[in-house]
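The whole structure should be built from the sequences, with the hints applied where relevant.
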Amino acid sequence: MEEILSEGDLRIGRVNFGGVVKRVCLDFVPEIAVGDYTIVHVGFALEKIDEESAQRTLAVFREMGVLEEELAGQEEAFARAAAAQPAACPDGSCSGQ
Amino acid sequence: MKYLTEFRNGEIAQRMAREIHQIATRPWKIMEVCGGQTHSIIKNGIDQMLPAGIEMIHGPGCPVCVTPLELIDKALAIAAQPGVIFCSFGDMLRVPGTDADLFQVKSAGGDVRIVYSPLDAVEIAQKNPGKEVVFFGVGFETTAPANAMSVNIAKRRGLKNFSLLVSHVLVPPAIAAILESPGNTVQGFLLAGHVCSVMGYWEYPPLAQKYKVPLVVTGFEPLDLLDGIRRTIIQLEAGRHEVENAYARVVNFEGNRPAQKLLGEVFEVTDRAWRGIGVIPKSGWRLNEAYRAFDAEERFHLGHIHTEESPLCHSGEVLRGTIKPAACPAFGKQCTPRHPLGATMVSSEGACAAYFNYGRFLSADELASAGSGLTGGSNG
Numbered sequence: 001m002e003e004i005l006s007e008g009d010l011r012i013g014r015v016n017f018g019g020v021v022k023r024v025c026l027d028f029v030p031e032i033a034v035g036d037y038t039i040v041h042v043g044f045a046l047e048k049i050d051e052e053s054a055q056r057t058l059a060v061f062r063e064m065g066v067l068e069e070e071l072a073g074q075e076e077a078f079a080r081a082a083a084a085q086p087a088a089c090p091d092g093s094c095s096g097q
Numbered sequence: 001m002k003y004l005t006e007f008r009n010g011e012i013a014q015r016m017a018r019e020i021h022q023i024a025t026r027p028w029k030i031m032e033v034c035g036g037q038t039h040s041i042i043k044n045g046i047d048q049m050l051p052a053g054i055e056m057i058h059g060p061g062c063p064v065c066v067t068p069l070e071l072i073d074k075a076l077a078i079a080a081q082p083g084v085i086f087c088s089f090g091d092m093l094r095v096p097g098t099d100a101d102l103f104q105v106k107s108a109g110g111d112v113r114i115v116y117s118p119l120d121a122v123e124i125a126q127k128n129p130g131k132e133v134v135f136f137g138v139g140f141e142t143t144a145p146a147n148a149m150s151v152n153i154a155k156r157r158g159l160k161n162f163s164l165l166v167s168h169v170l171v172p173p174a175i176a177a178i179l180e181s182p183g184n185t186v187q188g189f190l191l192a193g194h195v196c197s198v199m200g201y202w203e204y205p206p207l208a209q210k211y212k213v214p215l216v217v218t219g220f221e222p223l224d225l226l227d228g229i230r231r232t233i234i235q236l237e238a239g240r241h242e243v244e245n246a247y248a249r250v251v252n253f254e255g256n257r258p259a260q261k262l263l264g265e266v267f268e269v270t271d272r273a274w275r276g277i278g279v280i281p282k283s284g285w286r287l288n289e290a291y292r293a294f295d296a297e298e299r300f301h302l303g304h305i306h307t308e309e310s311p312l313c314h315s316g317e318v319l320r321g322t323i324k325p326a327a328c329p330a331f332g333k334q335c336t337p338r339h340p341l342g343a344t345m346v347s348s349e350g351a352c353a354a355y356f357n358y359g360r361f362l363s364a365d366e367l368a369s370a371g372s373g374l375t376g377g378s379n380g
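Going down the list, the protein sequences come from chains A and B.
Each residue of the first sequence is one higher than the last, beginning at 1 in this note's numbering.
Each residue of the second sequence is one higher than the last, beginning at 1 in this note's numbering.
Any given hint could turn out to be false.
Stated by the list, open to error - Restraint ranges, calculated between C-beta atoms of paired labels, are given here:
id	chain 1	residue 1	chain 2	residue 2	range
1	B	Glu268	A	Asn16	32 to 40 angstroms
2	B	Arg292	A	Gln55	46 to 54 angstroms
3	B	Lys127	A	Glu52	38 to 46 angstroms
What the hints contain is simulated information worked out from the structure, not anything from laboratory work.
For glycine and all other residues, C-beta sits at the position ideal for the given N, C-alpha and C.
Below, the structure written as structure tokens:
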């Protein structure tokens with residue numbers, strides 16, 4: 001997000017897509033600020049990218065497979081993967097069972 | 001680009017694939033609902049990285065593909081009328097109607113315009129007060145907020161010459177319909193990340209419970225897809241059926257509240273016919289009473305529309321996931337992206353287009369056999 005403008009009844013941002021800059025409606029992401037990353041669909045910013053979460057996911061991915069390469073144990077890899085708890089959702093309704 | 005390239009790392013992808021090979025002890029069938037994910041899977045060869053028994057079934061999540069033929073024919077009839085500027089996303093122009101497509105209407109003198117955003121169509125309406133401007137608003141929950149905003153702005157600005165030809169479809173009823181269809185073989189689903197960026201995933205736990213299937217919110221890059229598949233297989237192997245979020249950098253449980261609020265103000269739930277699948281109850285949105293005046297079907301009285309599908313086209317079976325594109329006798333012969341028989345060969349989200357554009361003329365099994373030097377065998 002390079003710049004945020006107000007154009008009459010719409011909040012518009014200038015978003016840089018790896019060099020191509022487009023005007024994008026920001027009305028669905030009131031919290032977004034210059035410097036943030038966002039998902040854009042048909043001219044609308046839909047969600048701000050959670051950079052902390054992205055870094056956490058990448059860190060987990062980078063670790064993945066390293067362990068079982070060292071231990072080379074099939075059961076161990078499965079046990080570890082099965083024990084990994086899915087992210088709980090706020091109301092607990094998706095925690096299964 | 002940041003937060004894209006990191007999720008395309010080949011070395012990590014190989015390690016994730018190895019982990020999937022270690023985890024999977026049985027064959028499983030997993031459907032990616034979203035056509036954008038289908039393209040990424042075929043483009044990146046994700047399906048070929050998986051163990052032999054893990055089959056990716058391509059779902060109906062291609063809005064252009066499931067838009068009923070009757071609505072395409074209505075679009076053609078409206079676009080051909082004098083005094084109309086007909087605006088659409090580019091994908092839609094080559095989708096065959098019964099007798100023609102929008103490109104042919106345009107070449108015959110119709111004012112058909114490709115726009116990037118429905119807001120562009122609103123601007124065209126403002127600049128052309130003497131014309132009727134119609135936007136062809138198809139899409140899943142991802143596109144619905146943009147279309148809702150376009151009519152909302154048109155209403156606020158008092159534009160009388162703007163309308164929507166609208167056919168919105170919804171993912172949760174489609175998943176239920178797939179799971180209830182006789183002979184269903186799908187055992188787990190990758191949920192479409194961008195649909196969930198709008199809607200969250202609060203709608204899905206009842207589906208996971210009722211049908212006992214794992215549902216994993218998944219992104220679009222190779223590592224996102226491998227992680228979604230990995231998590232689905234872990235659940236399947238453990239006999240669990242939960243909703244998981246493998247796309248947490250974009251999706252949260254509640255979804256986008258301002259977008260959902262506007263959707264509630266503009267649309268109401270309706271039964272929808274899905275091309276190739278049939279009517280699914282309560283599977284779509286239409287403009288509600290307060291916005292009915294902006295409904296192009298109300299504004300243009302079209303009378304009887306005669307519709308007829310190509311007898312050669314098997315896109316219905318492709319959309320239901322019962323055959324792979326390359327198994328259609330017309331695939332790559334009578335039917336190509338230049339001369340498509342069905343919408344699945346047109347759209348950037350259509351499974352047939354993915355198979356054609358990435359040169360996938362064989363099934364994943366056949367490719368594996370070819371790679372290992374075996375001949376014949378599978379009809380996958």
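Cross-check of the supplied hints:
In this structure the supplied range 32 to 40 angstroms holds for B/Glu268 paired with A/Asn16, their Cβ-Cβ distance being about 38 angstroms. Remark: the range hint 46 to 54 angstroms for B/Arg292 to A/Gln55 is upheld by a beta-carbon distance near 47 angstroms. Distance hint check: the CB atoms of B/Lys127 and A/Glu52 are about 43 angstroms apart, consistent with the given range 38 to 46 angstroms.
In this structure, none of the earlier numbered hints is contradicted; all agree with it.
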